[in-house]
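Each chain is listed here by its residues.
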Amino acid sequence: MTAPVIEMQGITKTFPGVRALSEVSFDVRPGEVQALVGENGAGKSTLIKILSGVYHADAGEVRMGGEPVHFAHPVESLRAGIAVIYQEFSLLPERSVAQNLFLGREPRGRFGLIDERRMHDETRKVLDLFATGGRIDPGRAVGTLDVATQQMVEIAKAVSHDARVIVMDEPTAALNDAECEELFTTVDRLRERGVAIIYITHRMREIARLADRVTVLKDGEVAARFDAVPEPGEIVHAMVGRDIADFYAPPATEAEIGDPVLTVTGGGNAHLHGIDMSVRAGEIVGLAGIQGAGRVALAMALFGQEPFETGEVTLAGERVSFRTPREAIEAGIGLLPGDRKSEGLVLMQSVRDNGMLTPRAFAPLWSSHKRTAQADLARIDELLDRMEIRAASYDQDIRALSGGNQQKAIVARWLSMRPKLLIFIEPTRGIDVNAKAGIYHLMRDLARGGAGILMISSDLPEVIGAADRILVMQEGRIAAEFPHGPTERDIMHAATGETEVAA
Amino acid sequence: MSAADTPAPTRAGFRFERWAPLILLAGAFAIYVIVAVATDQTQYLTLENLIAILARSIALGITAIGQTFVILVASIDLSVASLISATAVLASVVMDGSPAMILPAILAALLLGGLVGLANGLVVSGLKVNPLIATLGMSLIIQGCLSAFVSNFAGSVPPAFQVFAYGEIGMVPVALIFLALLAVTAWGVLRFTKFGSDIYAVGGNEEAARFAGIKTGRIVVASHVICSVCASIAGLYLASRLRSGAPWIGADGVYDLESIAVVVIGGTVLAGGRGGVWGTMAGMLIFSLIDSVFNIAGVDSFAKQVLRGIIIVAAVAFYAIRSKRIVA
Amino acid sequence: MTDQSAAPDRKRRRLPQINPVWVLLAVLIAGIVYMNPGFAEPTGYMNFLKRAAPLAILAAGQVYVITSGGFDLSVGSLITLVVVGASMLTNNDPSATYWVIPLMLAMGLGVGAVNGAIVCFLRVPSLIATLGTMITLNGLAFLWSGGAPRGYLPDTFRFFGRELIRDVPLVRFIPVSVIVLIVVVGLFAWLMHRTNLGRMVHAIGDNPVAARLAGVPVNRVRISAFMLSGLSGAIAGILLGGFAGVSTDVGAGYELEAITAAVLGGAQLLGGRGSVPAALGGALALTAIFTLLNFLGLPQPVRQVVQGLILIAAVALAMHRRKRTGT
Amino acid sequence: MRLLLTATGALALSLSPVHAQNFDDPEEFAKQQEQLQAEPNGPEGEPWLQYIGDGMVETADLGVEAPATVCFSNAGVNNPWRVVGFTNMTEELANHDSIEDFVHVDAEGSDDKQIADIDDLLAGGDCDVMIVSPNTTAALTPAVERACEAMPVIVFDRGVNTDCPVTFVHPVGGYGFGIQGAEFVASELDEGADVLMLRILPGVDVLETRYSAGRRILEEAGMNIVGAEFTDGDNAKTKSIVEDYLMRGNIDAVWMDAGATAVAAIEAFEDSGYEIPVFVGEDQQDFLRKWQEEDMTAIAPTYPTYQWRTAIIAAARVIEGEALPGPEWVLPQPAITQENLSDYINPAMPPLHYAMCGCDDMEGYPEAWGGE
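In order, the protein sequences belong to chains A, B, C and D. Under full-length UniProt numbering, the residue at position 304 of the first sequence is numbered 304, and the numbers go up by one with no gaps. Under full-length UniProt numbering, the residue at position 20 of the second sequence is numbered 20, and the numbers go up by one with no gaps. Under full-length UniProt numbering, the residue at position 225 of the third sequence is numbered 225, and the numbers go up by one with no gaps. Under full-length UniProt numbering, the residue at position 116 of the fourth sequence is numbered 116, and the numbers go up by one with no gaps.
A few of these clues could be false.
What the hints assert, rightly or not - Taking lysine-lysine and the DSSO-like style, the derived pairs with C-alpha atoms no more than 30 Å apart in a straight line are:
(1) 128/B x 323/C
(2) 49/A x 324/B
(3) 323/C x 215/B
(4) 49/A x 323/C
(5) 341/A x 194/B
(6) 370/A x 420/A
(7) 420/A x 323/C
(8) 125/A x 215/B
None of these hints come from the bench; they were simulated from the model.
The shape of chain A in the complex, shown without the other chains (with noise of 0.2 Å):
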């Protein structure tokens, strides 16, 4: 067995009041590939920064080939061949192929201009690693290449770099089959010519197909290490490690679920064809599907944000159309999105300034920011309070709270104005274990209070455990709908179009 080429030992994270990992130790070996599985906040993607150079370990150290590492800034890391592919592409959208490739260390040639001709054709060398690597021009603006290819270009640029060391934080979660299966060849490949490969995922199937060796995260610790690829459950049981029943709310009984709030028939547009769906009052319907599917895309046309062109939806029995958010709003529909930072919350203003947005935003302008039809300030307070928010004050900028205690500010925006559908996309994303729990409950409280849930998200477990209905969405289309509690292996089947499940 060869030595690792990477060893992290006793690694110890803290950011102020949360434990990010304690005493982790995690090693690689060449020409292997090391899933790391875990789930959302189980402290993956904290000890990808710390071996990539981001962040700075409290305690523990860094051995690359022995030797111990210190990794002041990201580029140190990938100097010295530690590539991390992250979720959010680091391409510039304007510049070629080629150019994002050798971006920051571009072949020169004579006079030291860049040499096109070279940085062409070693694109061209890399690219034809992967099966279909070939059909991409080096010399075309990523902007215009659809997400699966610029994932292609994201992982090229890693290999281009030579690294030793490849990170690759669930990189099918944009990709179709096929585009999934060249992705493994390329995996494949790579572990062939002796690179270590750590594998981020939550699919039980790719990591049968392609890991040498597992570990498992959970609340910041190791919680397994597998040597062989075992059995999913075991893996799932690692992970989750606890009582499912009690994290996630209980389902909706059949006397909680009323009449439909939400219908759609034939909803169509750019992105979304022929979508027939429904919400019922008091249920929590769960959207899955990957990346690119459209269930973003599915809950902006319900929101008014990039409406249906064709088709009828109807709210509460009243046959609708939104042609912005506002209209959406005004008719009873909410919405949290997925990014906090950059679509829900005014970073600048305070915590209740955030919870106020929205009945603010349908007051007259000129009437007093202290009382609204919907709100005033002590009843914004008694939402915050009654969901249990950890500031120091409401007057406190909100940008000093923690994601999780951000997310339930947004919550009480849309509280105040009685929505008969509350759209959530990506709930708990970066928000810690013991506050997702709390966003469980909350939706199902909403939803006894008589509000239909529509719920998107990335992470299967929480869309099989939270949602009392599930539907699968594939290119734009509704693939698949389970009642409560299909496997992740059902979701999946659907949500790929794949008939063959290899875990």
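Model the placement of chains B, C and D on the given structure of chain A, informed by the hints.
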């Protein structure tokens, strides 16, 4: 990145933004021809006249090339007008009619430009002062220092240096050739050098650029230095053209706001990372053509202003209206 | 980034909570009084306030646009258009004032609405959009008048900028423009800090996407901000025309001074933070700087240099504080 | 920052010995003082046709034939003086059938643009005669020289540093303006009186000479000059400056290098509750009316706008091949005084109409000038 969840239809090969400056330029040229023909002044359609139009806004063109660099890194420079005045005065005072002093004067002017650019860049990237404010402040400082020492044309430019503005090779003015070379060089730098690539990276996504190991601060500073050096070249050109430098020539030409308008009309976005020198050159030509159309058509000078304002807004709207982003 | 860190943060922030612009203003006023004790007399400080009034009103309007994330460069030209237009319309007729002033205020609102509409619907960044209107309005003022003022402003019109109310207890007299200043800034401050509009302006400047998804009528709010800035331009024009009569370059340069004043008052460029009282402080401080330099006998060039340095220093200091407090 | 300061410091050092143009030229001062007294040639009552001195130039051999196209490169119409002047010019055109076409290009106050405009006219304007009103003297010289090679050129208002134009039309000049006002102040007040000098902005040749001449006379008369301030031609600033001076001390007379903001300066006295002192203004209607209404002690030197008529007349003579005064056509430059004040006041005219326009008898008067 929930936006990534929306299936992106692969866009077609034709990219509107790339061609928009050319479309605008063609439109402006068509209007020029139509006005010349309609008013029965076809003598304005000779080659000689077209060259005169090309050479009309050389100072603006040189400044705008520099401005392109700073706007590409998502900065902006409002100090160019004052700097143009300052370098024109400095050069003409140092030369003071003596051919022997031409070289020292050019060096002094370029040095001043370099220093101002360095200061702008450091304030913007180091102190993180909003570039609009930083360069506006710098503009006031330069203008103040300048007017403290000179209040009129100062010094004079020897005839040998006037070749820069008045010399011709064949039919083509030397300055026009210089502008073309400068544009080609700028294009080459942006297109073929690592520095150029870094500029687009910093303007497009500063975070990504930093992760790729690009020293983003240095790129911003260097862009500001280039911008200011271009402005000082424009100052030298004006000193040569006016035979002397005066502390108001930059402000009179409104080179700060006009150079920004030219760059933006040329399709470079204020947010950075997209655009280029050829668009800027197209923008400059559009400005020259508009001026010429006004002259040919005999538009009243006040109506000119009204039209010019509307044209700037309309030209930028021509690009911007297609975007879905919320702008402020 | 979490709750626990907030507590000590709050304690630390209590002390320096006072906006530095007031400290600056106090120091400047002390300097002026030291140089010229006459400034402490009503004639001194009332003249000062009278002079600062147009800029302070402009800054109060500009702060709306800045807080909403934009710039309004058109106010200087708008002032010129208001003064020139009023002189054309009143045509020496004292009774015309009663319809000309409302008309001018409406024109200010209209110009603001056009600015806002260009930004919202044509999606032209406000820097370019208002640069365009700045050039256009200036041209219109010239086109309307033929290049030189065509008429006088009647005394009824000039009342607001020129007259004093005498026999006021304590201060002896109050210029009408100071009363206008108090009323307008009070109104703008109330709108900004006590109404939904103010909170919405903050929200769209802070995060327009989030604001839209939360139901904020982003376009309506943004256009309102530009309209208030336009209104402030019209009011400033009425005061300036009243103070000194008609000319075709009354407004030149006021747009940058208004932005400077707002920034001195701590308004955050590109949006999200801004205060009307602090902008008033900024305008007064800027005027005080000019007054002090005048008393010191320093020429115009020095004024420019000082203004430039203060501008850069104010923003650099604000950035430094923000970095230190981690917000 | 430090670098910049060093750089500007270096700039200051290099500049200190320079100070290019001389705006206090005793020779020119004496010449203009003399010209003010001289009896002009030409028809009385039509000062735009009159000339001081005897020099004439023949134009028959210039080879221009009627009817012809006259092209005019204008520095700008960016202030009321130029607006009135340009109206004089366009109205004068109606008197000349020999001018078939008149092409006007406006440089909007930019040297660079005016040079380009002249190049445009030369390249495609089909001009027979060119009139140039240069934005600045030095900068426009090369362009005018090039124009001279192609056709007869007439320059007015500001000159150029070349004698190639057929003639250079201008009134007596800035020294003359400064002399007239300052001599009036000196004659009205005793030695030691406090005089405030208000100036528009530094660096403009025609204004600098007014100031240097005015200052010279005032100092010679033993006046106490309490200050010389720049107003930027801004009413509000003018008023504020005067208010500040009044807070600090006495003012017996105000000398101004241009009268556009004179009324604002007068209002500062009124609003602060002071007597209006001796005033030097200019021939703007608003000042003249205020002068009459308030019964002030004042004078209005002029820089007559009728020279814009003269430029067209000169062009017409070139076309018709008649002789004209040259190489300088020096026009008389009368001042408006208490005696003839009422001749120049016309309430129908706009406030910044320049009364010394020589336009009262022209066909379009007063509507074309904005009057009623």
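How the hints compare with the structure:
1. Between residue 128/B and residue 323/C the alpha-carbon distance is near 10 Å, which keeps this suggested pair within the 30 Å criterion.
2. In summary, the hint linking residue 49/A to residue 324/B is not supported, as the alpha carbons are separated by about 33 Å, beyond the 30 Å threshold.
3. Note on residue 323/C and residue 215/B: the hinted pairing holds, with a Cα-Cα distance of about 20 Å set against a maximum of 30 Å.
4. For the given pair, residue 49/A sits about 23 Å from residue 323/C by alpha-carbon distance, which is consistent with the 30 Å threshold.
5. Taken as a hint, the residue 341/A and residue 194/B pair is broken in the structure, with Cα atoms around 33 Å apart against an allowance of 30 Å.
6. For the hint linking residue 370/A to residue 420/A, the alpha-carbon distance of about 25 Å falls within 30 Å, and the restraint holds.
7. Restraint check for residue 420/A and residue 323/C: not satisfied, since their Cα atoms lie roughly 42 Å apart, outside the 30 Å limit.
8. For the suggested pair residue 125/A and residue 215/B, the alpha carbons sit about 28 Å apart, so the restraint of at most 30 Å is met.
In summary, the structure is inconsistent with hints 2, 5, 7 from the numbered list given earlier, while agreeing with the others.
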